[in-house]
Amino acid sequence: MPRAQLNLEKPTPLQMEQLQWIIITSENADEVFKKLEEQGIDPVLWGLTDKDFELLAKNFARIRNQMKITNDLLDKYKEYYEGDSEKLDDGDSK
Amino acid sequence: MFGLRLFFIGIVATAIAGGGFYVMKLRSDNAILKSNQIKLESAVAEQQQLIENQKKDFEDILAANQKMNELVSVLKKDLDDLDKRFNKKNRDVGKLAIAKTKVIEKITNNGSKNANRCIEIASGSPLTEKEKNATKKSEINPECPSIANPNYVPY
Numbered sequence: 001m002p003r004a005q006l007n008l009e010k011p012t013p014l015q016m017e018q019l020q021w022i023i024i025t026s027e028n029a030d031e032v033f034k035k036l037e038e039q040g041i042d043p044v045l046w047g048l049t050d051k052d053f054e055l056l057a058k059n060f061a062r063i064r065n066q067m068k069i070t071n072d073l074l075d076k077y078k079e080y081y082e083g084d085s086e087k088l089d090d091g092d093s094k
Numbered sequence: 001m002f003g004l005r006l007f008f009i010g011i012v013a014t015a016i017a018g019g020g021f022y023v024m025k026l027r028s029d030n031a032i033l034k035s036n037q038i039k040l041e042s043a044v045a046e047q048q049q050l051i052e053n054q055k056k057d058f059e060d061i062l063a064a065n066q067k068m069n070e071l072v073s074v075l076k077k078d079l080d081d082l083d084k085r086f087n088k089k090n091r092d093v094g095k096l097a098i099a100k101t102k103v104i105e106k107i108t109n110n111g112s113k114n115a116n117r118c119i120e121i122a123s124g125s126p127l128t129e130k131e132k133n134a135t136k137k138s139e140i141n142p143e144c145p146s147i148a149n150p151n152y153v154p155y
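Line order of the protein sequences matches chains A and B.
Everything in the first sequence is counted per the numbering used here, starting at 1 for the first residue and increasing by one.
Everything in the second sequence is counted per the numbering used here, starting at 1 for the first residue and increasing by one.
In short, the hints are calculated from the structure, not lab data.
From the three backbone atoms N, C-alpha and C, an ideal C-beta is built for every residue, glycine too.
One thing to keep in mind: the hints can contain errors.
To be verified - Below, a sample of chain A positions facing chain B; criterion: calculated Cβ distance under 10 Å:
no.: 1; residue: TRP21
no.: 2; residue: ILE24
no.: 3; residue: ASN28
no.: 4; residue: ARG64
no.: 5; residue: LYS68
Stated by the list, open to error - Simulated crosslink set (DSS-like; lysine-lysine; CA at most 25 Å straight-line):
no.: 6; chain 1: A; residue 1: LYS76; chain 2: B; residue 2: LYS77
no.: 7; chain 1: A; residue 1: LYS51; chain 2: B; residue 2: LYS102
no.: 8; chain 1: B; residue 1: LYS55; chain 2: A; residue 2: LYS76
no.: 9; chain 1: A; residue 1: LYS58; chain 2: B; residue 2: LYS67
Here chain A stands alone, though its shape is the one from the complex (with noise of 0.2 Å):
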């Protein structure tokens, strides 16, 4: 008798919200600053050196390839152990 199939539902895929990035040099600070009072923001950020934003960079880019690895890693292994049933589901649906 073979074991009941899993049929867990894929995670939602991910919705990211945007957001805005500043650059800030010694020349436009305080033009910067003043800016997001003038527009009811906090005048405080949140920095990061060059080299920091491309390590930043370079750990989303992995993390988005360790994403897509896993998501097609699951894919296969459904489409190998599930696809004969999924096969037969379609010949009976004809």
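Since the structure of chain A is provided, determine the placement of chain B on it from the hints.
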């Protein structure tokens, strides 16, 4: 004389009875052989089906492995391309940002938007028609063309 005749009749009757039993035994053996033959043919067919299934499974496993290796390879290329964007020909993004602050800010925000979309795709979001049909450099998501633009061939 009568005794001799009776003796021969007995022999003939015994021979006929023996022949009858022999034929019945042959029929019985034949039935068993036929039944065994059917079982054997059925077992051979099952074995052949099993071998066919194993062969197909093996082909599926090879194909899945190949697909995964290809994916790992194209994703690595995306990562290498990102590295090039920061460091191509000793490019210094920091100095560029000081010199052209607004331009680099715009490029950074566009890149961030594209990178967000890449995460959405990697998490299973279906591709839009625009993403599927992109074939030119100006149409693709440069952060992850390998997963966002399946019809794009780098040139």
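Task: Structure-inconsistent hints, enumerated in ascending order - done: No numbers; nothing is violated.
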